[in-house]
Amino acid sequence: MRNRNATAYRFLAPYLLIFSVFWVWPIISSFIISFQATRTVPWRFAPGFNWGRLIGDPAFFNALKNTLLILVIQVPVMIALAMVMAVLLNSPLLKARGLYRFAFFAPVVVGEVAYSAVFRLMFSLDFGIVNKLLNSVGLPKIDWFSNVTPAMALIMIAVTWRWAGYNAIILLAGMQSIPEDVYEAATLDRVSKLKQFFYITLPLLKPVIVFCLVLSIIGTMQLFTEPFLITERGGPGGGTETLGLLLYRQGFRSLNFGYASAVAYTMAALAIAITLVELWLTREKQ
Amino acid sequence: MSSLSSARLRRSIALHLFLTPLALIWLFPLWMMVVFSTMPDNGIFSPGIELLPHGNFVDNFNNLQRDTNFVGAIGISVSVAVTYTILSVLLTSMAGWALARYQFFGKGVVVGIIFGTITLPYAVVLIPQFIMVARDFQLANTWVALIVPPLFNSLGVLFMRQSFSMMPDDLFDAARVEGVKEWRIFLFVALPLARPMLAALAIILFLASWNNYLWPLLINSQPGSMTAPVALGTLIGLTKVSWGGIMAGAVMLTVPMLIVFVLLQRHFIAGIAAGAVK
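Residue numbers (the numbering used here), protein chains in the order written: chain P, 147 to 432; chain C, 2 to 279.
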């Protein structure tokens, strides 16, 4: 490692330039804009304008509630499912591992727009393959798009399908980095596979699990494409509107940048708070 | 011996009995994407269950091309993703190299800030980025608007820093003794050695650009400047469009990536495992 200020900064310069212009300044700017009334020309400083409105806005609390609901249900289910996928894919008893891996990891490369379109068709009331299959086994059709509960469930199903394999890749890589001899010793001591999972794999994997949780929470916090395209702009009647969608509507449909910035900062505060709690929890137990 | 292997056999069968239906459920939407893309619209909206492809892909594609200039949009998407990938790989590896191999004033601050942004939602910078690019720089509906702002990628830098810092000092010192300049050492010694990581990073970055939706939707919304996902997104939810066409577009966006995924699975998985994506 050499002490070379000028050389180092020459290598860093283009990156730091982009970083300053497109990240550092916007982070500050966004904060300032959140305290401005932006629908007057010129924008004027009005400290309570957006934040005061935010606190009393039912649309904000609706979006917050929906986002937290998805967060609380979908993220744990998806991480648990990803864990099951990773453990089973890691099993030496599995044949044709490549085929299974392809099945679970393929959605990782599928874009949100492409899969949103497919999910809309698959879940449509009268022509959707899912309702046809439900009918063919004697179950009633579900109106996925006009009732809130099925619509929320649909969003969660879609996001889980898209991201479970992605998390499974990360967890699988984590599992494969645990040294084999730990398990060999446990097997010699006749520790069952299930106990090995709970007493060896899970504790050693904790940092990786936290990493997956943090990434998933940040992703879910900003959920936009699925409620925008699958449930048609957060429908029915705002039932699937998320903070990401509220931000889009306020910022880019109503051109209310100040209010949208306040929403953005609420999302950031939530994401940071949840991340800190998670990091703190894992540190406590170590 | 026989009791042990029969227990293993039973466990193996149970494993496959559980995983096979799960794998089929997971593949089902992809299969239906292909099926829908080959069906006439009256087939998609028929009461029967259709699980096998028909022969209507070309008609569907023609409808899509009529509804939105999809070939043009694909052209934009490919050009933007290729340019973005090259520039981003270069920028993040240069920064990673500086952070891995030099001691310099302010290093702790730089590393701390780059780390800190990983947990920051993109939403926080979205609005000022939009105002800046569209109003201040007047760059809406240009390629620059699609390529430059996303060049900041903190996980990519940390990823490259890691791979450069694992290389032995002697290698670079030998070149320095010969009087080779630092940027030549970076380009011709360090980068070739980091090839596996570069491949992984490039695939992940290409995919991120290819599938990016929100930013291109906001900044390049004029018909002639849309990327393919944005063009496709404009059709979803409209009533008078061809759903077969939308599915043909979805297939064109997805299948090439699936083929790349199968061919380069190792790099792909390495890239995601290293956390190179947000």
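Certain hints may be false.
Unchecked claim - Capping the alpha-carbon separation at 30 Å, the derived lysine-lysine pairs in DSS-like fashion look like this: (1) C/LYS241 with P/LYS278; (2) P/LYS241 with P/LYS341; (3) C/LYS182 with P/LYS287; (4) P/LYS341 with P/LYS352.
No lab work stands behind these hints: they were computed from the structure.
Quick rundown of the hints versus the structure:
1. In summary, the hint linking C/LYS241 to P/LYS278 is supported, as the alpha carbons are separated by about 24 Å, within the 30 Å threshold.
2. Taking the CA atoms of P/LYS241 and P/LYS341, the gap is about 24 Å. The hint holds against a cut of 30 Å.
3. The hinted pair formed by C/LYS182 and P/LYS287 fails the criterion: a straight-line CA distance of about 70 Å is larger than 30 Å.
4. Note on P/LYS341 and P/LYS352: the hinted pairing holds, with a Cα-Cα distance of about 16 Å set against a maximum of 30 Å.
Of the numbered hints stated above, the single one contradicted by the structure is hint 3.
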